[in-house]
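Just so you know, the protein sequences line up as chains A and B, in that order.
1 is the number of the first residue of the first sequence in the UniProt record's numbering; add one for each residue after it.
1 is the number of the first residue of the second sequence in the UniProt record's numbering; add one for each residue after it.
These are computed hints drawn from the structure, not numbers from a lab.
Where is the CB? At the ideal position from N, CA and C, for every residue including glycine.
Heads up, a few of these hints could be off.
To be verified - Listed next, the stretches of chain A that the computed footprint assigns to chain B, with coverage defined by at least 3 CB atoms under 8 Å from CB atoms of chain B: (1) 3-11; (2) 188-199; (3) 206-213.
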Amino acid sequence: MEEIDAIAALQDPVRRRLYEYVAAQGREVGRNEAAEAAGVARTLAAHHLDRLAEAGLLETGSRRLSGRSGPGAGRPAKVYTRARAEVSVSLPARDYRTAAELLAEAAEQAGLDAGLWAAARRRGEALRGPAAPCGGLEEAMEALAARGYEPHLEGAEEATGAPGAPARVVRMRNCPFHAVAARFPPLVCGMNLALLEGLFGTEGPVRARMDPRPGECCVVVESSKNNDD
Amino acid sequence: MTASLPAAHLAHLNVATLRYPLGDPRMAPFVERLNPVNAAADAAPGFVWRLVEEGAADATGLRPAGENVIVTLSVWETQEALWDFTYRSGHLEAMRRRREWFARHVEAHLVLWWVPVGHLPTVDEALERLADLRAHGPSPRAFTFASSFTADEAARHLQAAPPTRAAALN
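Please work from the sequences and hints to get the whole structure.
This is the structure in structure tokens:
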């Protein structure tokens, strides 16, 4: 399927809501749950979820939601996750990815890490503009969401102020630089960190630090008061 | 159905040229990270083995590739497991600062290859794979993350051209 057809598949508002819901969960989502979230009947949700899978935007799997197995456990339910493949369309055709990969390869070979990170920090500062750094994690999440990081709060429920409770951190499901970061991780993840340090400042109420995990962005954002790592 | 191939693990060698001796204060942030990062590796999903100098906690005292070159030699269940530890754990922060501590390599400094499950690669074997990569570029017997081969590809390659590998590649 052409990439432009995949994007066109999101034209339908119900399909778009279903896609956005599944993408935001960061885990497998069943048909009932997706239908409820999108406010449509299960059969309609199932139809649209399968269309999204055909378009390459979702991946499907099957899972026994009851947790039982063997005879009597029932048929496995169909579940959906966001597809890992990227879809992008540029009109007229542009190829910034090849340019980015070549520039990253040259920077890596020449050992230009420090220069790249300085540029990224300046860019982050410029993006913030004359405004004060983010006042808190909620504001930071808005800024990150606007840049495509798909932020989510972790430790939110546990953080009741009790001593020893895990501090709340903002983690990010999406790496906006994924393809280049996967080829040159120290260089590009370092660039990402510097960009976010520029965006949030290093003396402000929130700070970015590196804390990579499989399948997520390499950086977390936390309140600067949690100086306990 | 093809005949099942013997199970394989992924071996990994990395060489790094120190900018200063390990006792130098400028190396302290690296040296401080050694124990926690090695402990994280030992506990990482898919970790099988890493080279350790007899009577020491790590392999930094072994200098098989040069007096100022430290080596990391390890075995992992899958390439994904090694990738996740290398670039998706606390190890990445050490990688990010590598220029502070290590000289830039013009030649390849990392090599991957498949070994039979249970085989622990020797340093000589590892250095030979690195030499192969440097001389002939990535192949199923010596490759990198960016140009990797599956264990099946490596097994087929070995069956096809075991003795005259270099000739077959060129």
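A quick look at each hint next to the structure:
1. 3-11: violated (count 0)
2. 188-199: Coverage by chain B holds for the stretch 188-199 of chain A (3 residues, Cβ < 8 Å).
3. 206-213: holds (count 4)
In this structure, the one hint that does not hold is number 1.
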